[in-house]
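Next come the chains, spelled out residue by residue.
Protein chains: 2
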Amino acid sequence: MSLIVQKFGGSSVANAERVFNVADIITSTYKEGNNVIVVVSAQGDTTDDLIEKAKEINPNASKREMDMLLATGEQISISLLAMAIEKLGFPVVSLTGWQAGMKTDSNYSNSRIRKIDAERVLLELDKRKIVIVAGFQGINRYDDITTLGRGGSDTSAVALAAACHADLCEIYTDVDGVYTTDPRIVPNAKKLDEISYDEMLELASLGANVLHNRSVEMAKKYNVNLCVRSSLTRAEGTVVKEAVKVEGMLVRGVTKDNDVARISLCGIEDTPGKAFRIFSLLAKKSINVDIILQSIGRENKKDISFTVAQSHIDEALKVIEDSKDVIGYENVSYTTKVSKVSIVGAGMVTNPGVAAKMFEALYEAQINIHMIATSEIKVSVLIDEGTEAKAVKAIHDKFELA
Amino acid sequence: MSLIVQKFGGSSVANAERVFNVADIITSTYKEGNNVIVVVSAQGDTTDDLIEKAKEINPNASKREMDMLLATGEQISISLLAMAIEKLGFPVVSLTGWQAGMKTDSNYSNSRIRKIDAERVLLELDKRKIVIVAGFQGINRYDDITTLGRGGSDTSAVALAAACHADLCEIYTDVDGVYTTDPRIVPNAKKLDEISYDEMLELASLGANVLHNRSVEMAKKYNVNLCVRSSLTRAEGTVVKEAVKVEGMLVRGVTKDNDVARISLCGIEDTPGKAFRIFSLLAKKSINVDIILQSIGRENKKDISFTVAQSHIDEALKVIEDSKDVIGYENVSYTTKVSKVSIVGAGMVTNPGVAAKMFEALYEAQINIHMIATSEIKVSVLIDEGTEAKAVKAIHDKFELA
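From first to last, the protein sequence lines stand for chains A and B. Numbered per the working numbering, the first sequence spans residues 1 to 402. Numbered per the working numbering, the second sequence spans residues 1 to 402.
Chain A on its own, in the form it takes in the complex (with noise of 0.2 Å):
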């Protein structure tokens, strides 16, 4: 008997129709002879609106209570899953987050998981009951509800596995698995059947969103058996775990990133500590800086260049004015013209000529490299907007992924 923990986002659950094909997907499953935990998402758009429903309220309501009312939403699911379940003639359980064990911190609306008392989970499953647990939501020592942020339903999932060592992880979504690249863009884009850890975490923080990426590193941290299946499609998926078999393969999948803004700052004074202080003043508004250039320039002069997200942009320039006098700069530069486009691979690091093999693709297709950078698995650059499908297409084609 193996236990099995699967992951249904809010898409899967959204109407009675697709809470009986999730219902079916758990019952094969433990009908087969496995013991199954499931963790829910709220069903379609229900967190949108209950968002709505408070802002109408009280914009700047406190997110305490946000978490008590966004909390609710997987609360509706859990228990309309459970009635499905029920109706088809198997024991079931519903448990919310607090119910479940899912200790948080005290960091509402964006909490990490401290640890899970699994004793109730554990408890259903030895008398053989489906185990149906709300996903996003937990509880932190002061008895508050808390939740994980968008997209927390897959920590939620992972920590689980974690804490009952189960023997695996899927999470299904509307996607069959995790491809080469965006298969809208580039039609003959490739299924994986495997993939590491290190390599989804780069293509989950580069805009392949498949999964969270918190779950990816829970996942690697625990060593947990993911898979990424379509709950339409039931098809075999992508398998995520520790290592994977390079076979000549070095380069796994090509992605992009629309939301990126670059901003420079020129003039700045070559003594040390210039691009520490910037860094840290960033930092403390926990603004995420993603590549950073840094040029030398003319007298003594040198410019720095990083990018932030979009929604960062306003904050990251105020700082960055704010902050004149104690960096010393001339002036600053902005732009949200631009694109990221990005190729992922464990075997690149050993490999030299992944990086130049890219630049050409990129060459032949005309399209200007603003900004470079790489890390042991990933190289990415920035282009101007517009022009990331046509790359995308092109470093696809030349390393010949489909």
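Read the hints as simulated data drawn from the structure, not as lab findings. Among the hints, erroneous ones may be present.
Copies of the same chain look alike in the list, so a pair counts if it fits in one copy or across any two.
Claimed, not checked - Here are the simulated SDA-like cross-link-like pairs (lysine to any residue), alpha carbons at most 25 Å apart as the crow flies: (1) 241 <-> 291; (2) 63 <-> 125; (3) 220 <-> 44; (4) 55 <-> 44; (5) 129 <-> 66; (6) 53 <-> 89; (7) 301 <-> 126.
For chain A, the structure is supplied; the task is to place chain B on it using the hints.
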């Protein structure tokens, strides 16, 4: 500094505007230097909408899962109300039933409060916070969410008032208070300033839908000062308490109840234990029997008639027909075309002329009486459906209650 519990029903918080009206009542009370605990129901039609959602998936869903689902209704309203109070600039915290320590038995969908661990509520009051508690819900000894059944929010409020030794428990509704009879039938019906627990109990059970009966029982048991008032007019309402000055006003109110059906068993053998058998069979099915009338018939045979709620008529008839051999009767008849009209008043028992005066009023109005039942503080009669408004008006006039 007084401690005041205020309870608001679903219609009082049905939309953003009404939520702010309620928030204004609460913060006004707080500003006067009082500590305030608020109990609130689910918004408007939320509970009905959730029931619909459940029925679509499984009309025979377990009561445990129904309670899990329905409890979200109050969780939504407590958080929204707290957000409104935050907007007005007052310290506030919302608590679900389990967070407020509402411990119930495990009779899902119709639980009773076992006890309240008010520690958290008192802790928040100590910090001078307004405490918003989800009505209608609690938690059983297995840490599962339970609901108290319809109207249970009144009970939550009174139980909290008792547990926290509140000085007053205000039940806000859409009526001004308790009237001598339904003002829609008798326009000159008079609002009562005071009423005793026992009188209120009789009125509540007789269909004056102002207060949930169980809440009045609890208020009587723990001597909680209750007050019924309108959240719209905010006028002084009706105080419900132990001792009420009678001042010659023997009859406090006239009520009618159309949700009545009469069942008659004819030709029952006149031997001991027959009545016991009938009513214990009905009690086993949780069918409440109201008026019972036994007539001496002919030749060692008797007839027994009784009334039940119309919603119980099918089940009651089935019980009786299934047990024909055990009970031993010749035939059964029933009608739903009857109404019950009652007068209630604590002074009644020591004034023998009261019942006669009621019958006189009905005679003058040419209304025929089918059954009569009396208790220490009420007299009820069963009359033809359709004549009840005329009856109420006649009795109200006869006792000069206006």
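Structure-based check of each hint:
{"no.": "1", "hint": "241 <-> 291", "verdict": "neither (27 Å within a copy, 72 Å between copies)"}
{"no.": "2", "hint": "63 <-> 125", "verdict": "between (34 Å within a copy, 21 Å between copies)"}
{"no.": "3", "hint": "220 <-> 44", "verdict": "neither (29 Å within a copy, 47 Å between copies)"}
{"no.": "4", "hint": "55 <-> 44", "verdict": "both (19 Å within a copy, 19 Å between copies)"}
{"no.": "5", "hint": "129 <-> 66", "verdict": "between (32 Å within a copy, 18 Å between copies)"}
{"no.": "6", "hint": "53 <-> 89", "verdict": "between (36 Å within a copy, 19 Å between copies)"}
{"no.": "7", "hint": "301 <-> 126", "verdict": "neither (68 Å within a copy, 59 Å between copies)"}
Hint compliance for this structure: hints 1, 3 and 7 are not met, and every other hint is.
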